[in-house]
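So the sequences go chain by chain: R and V. Position one of the first sequence corresponds to residue 1 (full-length UniProt numbering), numbered consecutively onward. Position one of the second sequence corresponds to residue 1 (full-length UniProt numbering), numbered consecutively onward.
Hints were generated in silico from the structure; no laboratory data involved. Treat the hints with caution; some may be incorrect.
As a list, the in silico DSS-like pairs of lysine-lysine whose alpha-carbon atoms are at most 27 Å apart [said to hold, decoys possible]:
# : chain 1 : residue 1 : chain 2 : residue 2
1 : R       : Lys113    : V       : Lys462
2 : V       : Lys292    : V       : Lys489
3 : R       : Lys150    : V       : Lys466
4 : V       : Lys462    : R       : Lys150
5 : V       : Lys489    : R       : Lys150
Non-contacting residues of chain R with respect to chain V, defined by C-beta distances greater than 12 Å in every case (computed) [to be verified]:
# : residue
6 : Asp80
7 : Asp194
8 : His200
Idealized CB from N, CA, C, for every residue including glycine.
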Amino acid sequence: RGVPGAFPAPGTSLLSLAVTSEQIEHLHRRFKQLSQDQLTIRKENFDSIPDLEFNPIRGKIVHAFFDKRNLRQGSDGLADEINFEDFLTIMSYFRPIEMNMDEEQLDRFRKEKLKFLFHMYDSDHDGKITLQEYRNVVEELLSGNPHLEKESARSIADGAMMEAASICVGQMGPDQVYEGITFEDFLKMWQGIDIETKMHVRFLNVDTIAHCY
Amino acid sequence: LDYQHVQVPFEITLWIMLASLAKIGFHLYNKLPSVVPESCLLIFVGLIMGGIIYGLNDRSPPVMDSDIFFLYLLPPIVLDAGYFMPSRPFFENIGTILLYAVVGTIWNVFGIGFSLYGICQVKAFRLQDVSLLHNLLFGSLIAAVDPVAVLAVFEEIHVNEKLHILVFGESLLNDAVTVVLYKLFRSFCEMPTIKSVDVFAGVGKFFVVGLGGVLVGLSFGFTAAFTTRFTKDIRVIEPLFVFLYSYLSYLTAEMFHLSGIVAIISCAMGMKRYVEANISLKSHTTVKYFMKMWSSVSDTLIFIFLGVSTIGENHEWNWPYICFTVIFCLIWRALGVLVLTFFVNRFHVNTITSKDQFIIAYGGLRGAICFSLVFLLPDFHRKKLFIAATTVVILFTVFVQGMTIRPLVDLLAVKRKRESAPTVGEQIHIRFLDHLLAGIEDISGHWGQYYWKDKLEYFNSKYLQKILLREYDQPKSSIVLVYEKLERKHAIELAQAGQLGHGPAHPSFLCSAFLCSSSDRAVITDQKLEDTLNPDVLDNMQEILARNLYRIRRTGPAYNRHTLPGDSEPTERAKEILILRHKSL
């Protein structure tokens, strides 16, 4: 379809299978708009989106685009800039469920999305969501409310952490210490919410499923 | 004996008394409501009553007057449904609901109408004189799913939330389509010739009826919210405003030939948020109780009258027509659901499993609305045939489908309602997901569901809340609401366990109570406990909680007709203790 060099070669990872070429073109146009016709995007480019300013977790969302764990690059840390292929990789986390998926695929699908969320909560990349990180999340979420004192947000986070502890570990002994929420615990917490149907951006229609992992 | 003087109110009161006593009777025998849905029992009582009256008077018992039904019996039920409608699942599934309500109903109407016309062509049935238009008119009134019947059956089987909201939402919103088609075909019956421009006018009318209903409802809803802003000194009549404005919106919509049901639902949904923030706790309880009471009484009366009206000489029993009506209703509903769900799944509007599809199709119950509409038909020589067919369809759906749906739900292992307590963590996650998806939609340049929801929230907090809320100082996030509710619950549990009596000396009782709750002490890393037990900090928080103890509202759905959520004696006592303790601190 005549897209320039930033377009991934066919057969590369999941991209050519995960989204249709129409969607790729639409996203490519958007990418060019954001990057101002450069080949890569930096964090500053996200400032040009006006609506994103009012989003309370703006910082975390932008951070997620540059998080190497989400970009499937196997390493850790933050990338400075991402190209179109990386952009598509992040977008593919939001593809909707397919009716003909079997149990194993569904499970993998769900885990993928939850891993993305986990990385957003776990800002210091140590594989655990500590109390401080959880507090940070709640503070950001409630930051749109100027009348709510910071301490209330903190105690809410404390309460939520308690709940998480009781779900994940159950009854604890008096000297036991709850380090933080690991990914397995995180999976347990989200058991009641059907993330496969909730976490998708509708226009990303899918024709076939990625079988690469 | 001056019976004439008091006859009308006396008889009305007697009927209502009968309905309420019947309700008590069913619940005395515990096993019965779980096997036979209440609606069936009520119709049965009605049948008996009708038989008695017929036997005594030797003429047909009083038929339920359509005016009484539409003006007095239906609005309380729909208001109750709209007020307690859980808005989150409703708006998440609104596309699917509208598709079923609009396209599905039209499909059913034309399908049933045309196939019945085909049946009428068969010479052996002696139905030649029923024209196509008559059949379409009949189709338009029999095709619509009835909210009263659906509510009566579904509230006892507790299926998962999405399925419940799909069937229920559809039954409420298809009123707009039914109204338009019914009136359209009725006017066609009286017109000598039908031009295509009339058909287009009909289509246009549908949009007017639906959107007009929404507009009327919303304007009355916001006016109600605005009125309650000023009711601080006359708390006693606050509940009255809720009912008056909703009823007015229904009547106004009906006056303009718009859809009254859609109007009253939009009124209730629009005003709920603001009214609940403005009125006092006692008024809030009053509103809830009165709504449940009225809708309960209406519901019971409707089914009893349905039974009573069945007996009598209003029917022409042409069995082939009646049987085919029932068969076609089932077939066309099943086909409609299958085809529409295929499109819904294909275009990722929603994901509906085949089990859910079966329940949606099977749960298409007809009820009193069809019954009243058929009595409103102009008198023509085949009217009694239609009345008979309607009666049989309603009895079939309520008895057969109503009774068998519960065993079927168990047999097919349909996903049931998740019985879990609300947690703060869940609220946090849901909010997080909302913002994340809105952000992704912004980044990808797509104006989707979350984008519009975000925009609406923004508009709400900037403008609407300032105008409609009395004390615009703390717009409450759902996270904070759930947290406060849980705090209160924990404190109440402690009160019941008798720990409140010991009165800890330091002001941290609420916080420490929560932190040292039923699960054993979990030492939270990375932070010393003293930090969280800082007295100033806690005073502040307790002040917020104390101020808001009177403003905490239940946000859970309340489907059950018989009880309200959160009814328990110890709660009230504990709350009093809590308030007193706060004051003394």
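Now for the hints, and whether the structure bears them out:
no. : hint                : in the structure
1   : R:Lys113 - V:Lys462 : violated, 33 Å
2   : V:Lys292 - V:Lys489 : holds, 25 Å
3   : R:Lys150 - V:Lys466 : holds, 24 Å
4   : V:Lys462 - R:Lys150 : holds, 22 Å
5   : V:Lys489 - R:Lys150 : holds, 23 Å
6   : Asp80               : holds, 18 Å
7   : Asp194              : violated, 9 Å
8   : His200              : violated, 8 Å
Of the numbered hints stated above, those contradicted by the structure are hints 1, 7 and 8, listed in ascending order.
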